[in-house]
Amino acid sequence: MLKGAGAAGLAGLAGCTGGGSDTLEVLHGWTGGDGKEAADALFEAFEDEHSDVDYDENPIGGGGNTTLDQTVSNRLQGGDTPSSFAGWPGANLEQYGDAVGDIESEVWDEADLKEAHVEEAVELCQNNGGFSAVPLGSHRLNDLFYNVGVLESAGVDPSSIDSADALINALDAVESETDATPFAFSLATWCILQTWAQTMLGEHGYEAYMNFIEGDGDEAAVRDTFEKLEQILGYINNDATSVDFTEVNRDIMSGDAAFIHQGNWAAGAYISGDQNIEYGTDWDAIRYPGTEDYYTLHIDSFIYPNDNPTPDDTATWLQFVGSETAQVAFNQYKGSIPTLSDVSTDEFNEYLTDTIDDFDNASEKPPTLAHGLAVDTNTQSDLEEVLNNNFADPYNVDGATSGFMDAV
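The UniProt record's numbering numbers the first residue of the sequence shown as 1 and each following residue consecutively.
These are computed hints drawn from the structure, not numbers from a lab.
You may find that some hints are simply not true.
[To be verified] Just the calculated beta-carbon pair ranges, DEER-fashion: (1) Gln231 / Glu347: 19 to 27 Å; (2) Glu44 / Thr353: 46 to 54 Å; (3) Glu207 / Ser381: 20 to 28 Å; (4) Asp52 / Asp239: 45 to 53 Å; (5) Glu110 / Asp157: 13 to 21 Å; (6) Asp179 / Ser105: 58 to 66 Å.
We put the beta carbon where it would ideally sit given N, CA and C, even for glycine.
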C-alpha cells in the first residue's frame, strides 16, 4: 500500500549525520483507559532522560490502531513524514515498503539491543534485511478475564474451563443464575478475528493454527471453530455492534459482565488509575480455553520512517524505547511486559510478574492473527472483510469458512 512512499530514493538512515531542524514528532494510539497512563509515563521518562530533545507527542485515538494507521498512511503518502510512530512489527511492516528505513547500526547496534531483547522481538523487528522498528512491550493475547464475584454467584469454577464447550457451559450458568452479561464483547471485526484465532488455537492446537496462517489450513477445523464461536457469541451484550472494547471492559470492573477475551491490555485498565479493584479478589484471568500452555504473542513497537525529518533525535528516541527505563515506565501501566530478557520486576504487579513467568515457560508462542504479526495487512484485511460480510450477526458459518480458506 505504501511502497515507495516518502522514500525519494533514499535508503536506511540517509542524512542521519546531518540531524533534523524540526521537532521530534511521535505518533501513537494510546488515548484511552487501556493506555493513556502508560503513554504519559513513557514520555515523562523520556523527558527526564533527554531534556535536551524538543519533542511533540501526538496521540491519535481509535480502536485497534485503525485511526492511527490511516493517519500514518496518509502522512507517508503525502510526504508529511512523522519522526516515529507506534505500530506492530512482524508481517505488518511489509505494507510500508521503502517508506521505512533501516536502524540496525544507529539504534540496535549502538544501544546493544540485539542481545538485550528476547529473540522473538528481535526477529519480528527485522525488515528488508535490516531493522525498521524497536519493541516496547509484549502482550499476551490468550487471556480470558473475569469478574470474580459474578462467577461465584453463578457457581462457576474458572479452573474447570478447559475447552470451548466448557466455556459455553459457564456462560450458560452466568446467564441463568445472574443478571450479568455472560460474555462482554464488541463486534468490531478485529475483536471477532482475535477471538476466532484463540478458539482455533484452543480447539485444534498450535500446529493447526500455524498451518492455517501459513495458507495450509484444515477446512474442517476452520468450520468447527466458527461453529463454536457462533455459540459463544450467543451470550454477548445486546449493544455489541455499537460499543468498543474499552466500554464493555468496564462492565467487567463494575460486575455487570462475567467474562471478556482481550489481550492483556485489558488488564491495563484494571491496574491503572483509581479503579480500586484487586487482582485475584475482584478480577482474575485464565488462559483462553485450550491454550493453557501457550503465549499468543503480540508486540507493540515504534517504527522508523524513511526520509526522516529528525533522524538524530529519532535514533535517540528509539534507543530509549528499547531501554529498561522506557519498558518499565510503560508496561507497568499498560498491562504488558518488557521484551527485555533481563529487567527488574520491582515495579510490576502480581499479574504482570505472573505473565512474565508464563512467557518464559510457554511451550509455544504463536503470533497474533489480528494484530499484524501473523499475516500481512492485505490478508488481514481480507479476513476482516469476510467477518464483516458473514460473521458480525447474523452468523454464516459456511460463508465465513470458505472466505477464510480463500483469504489465506
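Starting from the range 58 to 66 Å, see whether the pair Asp179 and Ser105 falls in it by beta-carbon distance.
This hint holds: roughly 60 Å between Cβ atoms.
The hint says 45 to 53 Å between Asp52 and Asp239; measuring C-beta to C-beta, is that right?
holds, 49 Å
Cβ separation of Gln231 and Glu347, checked against the hinted range 19 to 27 Å
violated, 41 Å
With respect to the beta-carbon atoms only, verify the hint that Glu110 and Asp157 lie 13 to 21 Å apart.
Violated - the Cβ-Cβ distance for Glu110 and Asp157, about 52 Å, lies outside 13 to 21 Å.
Distance restraint evaluation - Glu207, Ser381, Cβ atoms, bounds 20 to 28 Å:
The hinted range 20 to 28 Å holds for Glu207 and Ser381, with Cβ atoms some 26 Å apart.
Thr353 and Glu44 - C-beta distance against the hinted 46 to 54 Å:
Once the Cβ atoms are compared, 23 Å apart, the range 46 to 54 Å for Thr353 and Glu44 is violated.
Figure legend: structure checked against the earlier numbered hints; hints not met, in rising order: 1, 2, 5.
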